[in-house]
Amino acid sequence: MTTDAVILGRSSAGFGMAAGITALFNTALACVKDAYRPLQNVMDSIAGNNWTTQGLADIILFVGLGLILSNIRTVQTIKPDHLILFLVAAVAVAGVGLFAWYGVF
Amino acid sequence: MGAFVAGNAKLAAVNITGSDAILLAHATFGVLATLSAVWVFVETLNAQEQNAQRIRRAAFAVAIFMAAAWIVGGYWYLHFYPVERIIILKGPWPFAHKLFMETKEHLVLMTLILSFYLPIATRDQLHASAAARRMVLSVAMLIVLTGLTIEGAGAVIDHGVKVALLRPSLTGRAK
Chain A
1 MTTDAVILGR SSAGFGMAAG ITALFNTALA CVKDAYRPLQ NVMDSIAGNN
51 WTTQGLADII LFVGLGLILS NIRTVQTIKP DHLILFLVAA VAVAGVGLFA
101 WYGVF
Chain B
1 MGAFVAGNAK LAAVNITGSD AILLAHATFG VLATLSAVWV FVETLNAQEQ
51 NAQRIRRAAF AVAIFMAAAW IVGGYWYLHF YPVERIIILK GPWPFAHKLF
101 METKEHLVLM TLILSFYLPI ATRDQLHASA AARRMVLSVA MLIVLTGLTI
151 EGAGAVIDHG VKVALLRPSL TGRAK
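Here the protein sequences come in this chain order: A and B.
Each residue of the first sequence is one higher than the one before, counting from 1 in our numbering.
Each residue of the second sequence is one higher than the one before, counting from 1 in our numbering.
These are computed hints drawn from the structure, not numbers from a lab.
Mixed in with the good hints there might be a few duds.
Once the Cα atoms are required to be at most 27 angstroms apart in a straight line, the calculated DSS-like pairs of lysine-lysine come out as [stated by the list, open to error]:
no., chain 1, residue 1, chain 2, residue 2
1, A, K33, B, K98
2, B, K98, B, K162
3, A, K79, B, K90
4, B, K90, B, K162
Bear in mind that the values here come from a model prediction, so they are computed numbers and not experimental data.
Isolated chain B, as found in the complex (with noise of 0.2 angstroms):
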């Protein structure tokens, strides 16, 4: 990594790698997924005729997003989590990828799927349909809800890996 001074402070330049960059990527996506779907609850909580092309607008938003995140970091979990992994297993917390890591790459499927439907019970018209509306609130809210934990588990996955490289053992560092 590069340095520069800057007045008398030497400072570490900004060296952002191609798989941070694809990382940052894929969590931008799904925070953008899940905003939507707030997006999308609140707009139907509050369905008029007026606002029905943005609630699908919103849905079709969420589908995009999630798809995205996916593509992104399938890409990132095949070509550079592999590293990570072997690094996790060998530090402190080798659940962060036994049981998060596990977990959310399964889950996040799931949340693919909905994402995908979304848009598809949108197309009702939930400004006269109860049942419409229950089923769009119910759909957008497991979105946020799945995507929120997926979020979270992803928070345990980078933590197990910086918790593993602080060790002496594994980095090589004497105490």
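Here chain A stands alone, though its shape is the one from the complex (with noise of 0.2 angstroms):
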């Protein structure tokens, strides 16, 4: 390996911040929507199935993030180490989240 560049490059760390809020916003919507009955007819009524639903919000929610923060000078200025921190826990949190929501309630 090479001497080593210490950025990342901007669609990686706009994308990578915009897959860790995603996941957050997918465990957050599971459960919203598992608790608020009204919300999951609305899904339903969107696509078809509030699963569907959730599912083109999750790529929509990515893509349109992504390419904001793809462009917001900030975002580059995190430390990649700390961006793969969040986007690692952001995973971890929302996955165990999911598991821990449904074995609960």
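Two independent chains are provided; combine them into the complex using the hints.
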């Protein structure tokens, strides 16, 4: 391996943060729609099934947020290790959160 | 189900339904996505200018296989799973749906997003950036771990159907 750069590319940083936020959003939406039936009904009516709507919402959020964050300078100044830690922690919290939510409720 | 005779043994003819084929395709695409993520991980550990294109192709394969697993699995989930859900809930393993399927169907969306992100992360010069390598390694490992969790949950759900169907009260068979 050669001498190393210490920053991430613009898209890599922006979409990395977007992926972490989307993971948390996904778990939050799963819990809220489960607890609040009217929201689930609205999501059912949008794409035929609330799960399909949630998948599409996740993708739209990831792409939209990724494009926005890729153009925000502040995101690129975040230390890469902090961004990696955020992404890993977000996925871990979101994953365990899903399991805990359905395990308890 | 039909049957045919081979020698002295009477064997049941293979009968694969559309539902079976779709479900097997779903699991296969999921495994291929996970294996491709392992491939990305290993290549990134030894990232050089020479294998940069191969890493990007492998990352792209992760995204394609994962999208295929999601679309095929989603079709099966919407069209065939409702019957199996009823069977599971009447059986001795209702948690196979209440806990494992509910978690799996939402966890897979996270893995999907990570899979879409991987080709973006591999666009950086991995051989020249330790930070970019760490990001790709982390994302690939998250895909592998969540992918294996999802495959395991699928096995529990499948077993939930099996143990329910083996119960005499559900199948109507005499003890």
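Right, here's what the structure says about each hint:
no.	hint	verdict
1	A/K33 - B/K98	15 angstroms, holds
2	B/K98 - B/K162	16 angstroms, holds
3	A/K79 - B/K90	52 angstroms, violated
4	B/K90 - B/K162	12 angstroms, holds
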